[in-house]
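Chains A and B are the protein sequences, given in the same order. Under our numbering, the first residue of the first sequence is numbered 84, with each subsequent residue one higher. Under our numbering, the first residue of the second sequence is numbered 6, with each subsequent residue one higher.
It should be emphasised that the hints constitute simulated quantities derived from the structure, not laboratory data. For clarity, every value in this text was computed on a predicted model and none was experimentally measured. It is possible that some hints are incorrect.
[As the list claims (entries may be wrong)] Here are some chain B residues pointing at chain A (derived, C-beta under 8 Å): (1) 48; (2) 71; (3) 72; (4) 107; (5) 108; (6) 117.
For each residue, glycine too, the CB sits at the ideal point set by N, CA and C.
Here are the chains, one letter per residue:
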Amino acid sequence: EDKVVQSPLSLVVHEGDTVTLNCSYEVTNFRSLLWYKQEKKAPTFLFMLTSSGIEKKSGRLSSILDKKELSSILNITATQTGDSAIYLCAVEASGTYKYIFGTGTRLKVLA
Amino acid sequence: SAVISQKPSRDICQRGTSLTIQCQVDSQVTMMFWYRQQPGQSLTLIATANQGSEATYESGFVIDKFPISRPNLTFSTLTVSNMSPEDSSIYLCSVQPGGNYGYTFGSGTRLTVV
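So here's chain B without its partners, still in its complex pose:
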């Protein structure tokens, strides 16, 4: 299955600032997915990122708050903009490499907004 390098691993940010999370995959994949996991909660899909087109956002998530880039088939970034303490979560990127392996996840970014 695919290997995903995600960074940063963790960060503590001031409210009102922005943080960009990067994911690099070791193989070309059509779709990349960005998830959020708030404390004590399960994973919620933020958006699906396709190369060459705008990301598709899930209900409750907007591009102005979570802009996504997908410049090629191995890389994507998610920016968390104008952060507030409610954005404190684990953010995960994932891909579906095919076969019977479901999603593969990056190592995750633990974000704390103070």
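Pulled out of the complex, with its shape left as it was, chain A reads as follows:
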């Protein structure tokens, strides 16, 4: 059965800290991996990763995929209180157009 596991489940840090969130997956015929930020109801798109070893970067956020290890990490540097949210990882198996979501990591950044 396809599955996506994220760790840690929750994390509390102070402003300025750097955090690394993990996502590991087991799917048939991996196609792509997505990272989302969920603050209230609707998740907002962060990154799409399809190729191993290529880092995607946006401001203080970056992400990289390791197909050999079946995993991805999301890094946030110089965290701010506005980074407090649930970060979701989702994986698409080839030909399905459906994404399987992980349980999410709840990040809280303290001032």
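Here the structure of chain A is known, so what remains is to put chain B in place on it, guided by the hints.
The following block gives chain B in isolation, referenced to the frame of chain A:
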């Protein structure tokens, strides 16, 4: 990427009643997806809605409980029928507009059943 208008934003409903959630997309899309997020849980796919055909439901979800309409390429509705407190969740519609943007989500409907 696509913009999705979802309503209602939230509702409190009596058990045994039904609620219909609407999603309007600003562009034509082939597939629309409906997700549920129960409190403290991740997103679970309910069904995939294609225009002109019946929705495809995931394991554990049935048409009688979650009927879906898809009358055209920009609009879909999900009805939560005969509600119980266990249906209290956030319901999200989404589309895959193509390119490197993954899913785009509607603003979500927070449903509370009392």
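Hints, one by one, checked against the model:
Against a cut-off of 8 Å between C-beta atoms, the interface hint on residue 48/B holds, since the closest Cβ of chain A lies about 4 Å away. The criterion of a C-beta within 8 Å of any C-beta in chain A is not met by residue 71/B, whose closest approach is roughly 16 Å, and the hint is violated. A hinted interface residue such as residue 72/B counts as satisfied when its beta carbon comes closer than 8 Å to some beta carbon of chain A; here the least separation is about 20 Å, so the hint is violated. Contact between residue 107/B and chain A, as hinted, is supported at the beta carbon level, the nearest pair being about 4 Å apart and thus within 8 Å.
With a cut of 8 Å, the hint placing residue 108/B at the interface with chain A holds, because the nearest CB-to-CB distance is about 6 Å. Checking residue 117/B against chain A: minimum C-beta separation of about 13 Å lies over 8 Å; hint violated.
In summary, the numbered hints that this structure violates are 2, 3, 6.
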